Amino acid sequence: MIGLSQKELEILKEVFKKFDNIKEVILFGSRALGKHRPSSDIDLAIKGNVDINTLSKLKFTLEEDTNLPYFFDVVIYDNLDNLELKKHIDEFGKRIL
0 MIGLSQKELE
10 ILKEVFKKFD
20 NIKEVILFGS
30 RALGKHRPSS
40 DIDLAIKGNV
50 DINTLSKLKF
60 TLEEDTNLPY
70 FFDVVIYDNL
80 DNLELKKHID
90 EFGKRIL
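In numbering that gives the first Met the number 0, the protein residues as written are 0 to 96.
Hints listed in this document are in silico derivations from the structure and should not be mistaken for laboratory results. Values in this document were obtained by computation on a predicted structure and should not be read as measured data. Treat the hints with caution; some may be incorrect.
Claimed, not checked - Derived lysine to aspartate or glutamate pairs resembling DMTMM-like cross-links, with alpha carbons at most 20 Å apart:
#1 K12 to E23
#2 K6 to E90
#3 K46 to D80
#4 K17 to E63
#5 K86 to E62
#6 K34 to E7
#7 K58 to E23
#8 K93 to E63
#9 K6 to D50
#10 K22 to D72
#11 K17 to D80
#12 K16 to E62
#13 K56 to E83
#14 K6 to D77
#15 K12 to D80
#16 K34 to E90
#17 K6 to D80
#18 K85 to D40
#19 K58 to E90
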């Protein structure tokens with residue numbers, strides 16, 4: 000249970016598909032663990048040939064263009080230096096694209 004409706008997931012997937020260089024999106028954090036609250040943000044790890052400009056455009060699109068009532072914390076998986084966070088994403092993350 001990730002606290003997102005099927006419609007909300009479809010909206011997210013449509014946004015991701017607009018970015019050709021995004022190959023995979025993994026939900027992590029409290030929503031992936033099923034410990035979220037209604038106000039919890041949505042933590043996403045992005046895989047693919049993604050740079051900081053793409054990441055900024057993606058985050059803007061998610062927060063401004065979708066009308067979803069959430070904040071998004073979006074990271075580029077390959078740029079993560081925190082090995083514990085990568086391990087958490089690998090073990091508990093939910094692939095949504």
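Structure-based check of all given hints:
With a C-alpha separation of about 10 Å, the suggested pairing of K12 with E23 holds against the 20 Å cut-off. Among the hinted pairs, K6 with E90 is inconsistent with the structure: their alpha-carbon atoms are about 26 Å apart, more than 20 Å. As the CA atoms of K46 and D80 are separated by approximately 15 Å, the hinted pair is consistent with the 20 Å bound. Distance restraint check for K17 and E63: the Cα-Cα separation of roughly 15 Å lies within the 20 Å cut-off, and the hinted pair is therefore satisfied.
A C-alpha spacing of about 27 Å is found between K86 and E62, which places the hinted pair above 20 Å, so the restraint is violated. For the suggested pair K34 and E7, the alpha carbons sit about 18 Å apart, so the restraint of at most 20 Å is met. As the CA atoms of K58 and E23 are separated by approximately 15 Å, the hinted pair is consistent with the 20 Å bound. Between K93 and E63 the CA atoms are separated by roughly 24 Å; this puts the pair beyond 20 Å, and the hint is violated.
Among the hinted pairs, K6 with D50 is inconsistent with the structure: their alpha-carbon atoms are about 28 Å apart, more than 20 Å. Of the supplied pair hints, the one linking K22 and D72 holds, its CA atoms being roughly 18 Å apart against a limit of 20 Å. For a cut-off of 20 Å, the pair hint linking K17 to D80 is broken: about 27 Å separates their Cα positions. With a C-alpha separation of about 16 Å, the suggested pairing of K16 with E62 holds against the 20 Å cut-off.
Only pairs whose Cα atoms come within 20 Å are accepted, and K56 paired with E83 is rejected, the gap being roughly 27 Å. Proposed proximity of K6 and D77 is contradicted: the alpha carbons are some 29 Å apart, above 20 Å. In summary, the hint linking K12 to D80 is not supported, as the alpha carbons are separated by about 26 Å, beyond the 20 Å threshold. Distance restraint check for K34 and E90: the Cα-Cα separation of roughly 16 Å lies within the 20 Å cut-off, and the hinted pair is therefore satisfied.
Proximity of K6 to D80 is assessed by CA-CA distance (about 33 Å); at most 20 Å being required, the pair is judged violated. Between the alpha carbons of K85 and D40 the distance comes to roughly 18 Å, so the proposed pair stays at or under 20 Å and holds. Pair hint K58 plus E90 does not hold up; C-alpha atoms about 24 Å apart against a cutoff of 20 Å.
Going through the hint list in order, the structure does not satisfy hints 2, 5, 8, 9, 11, 13, 14, 15, 17 and 19.
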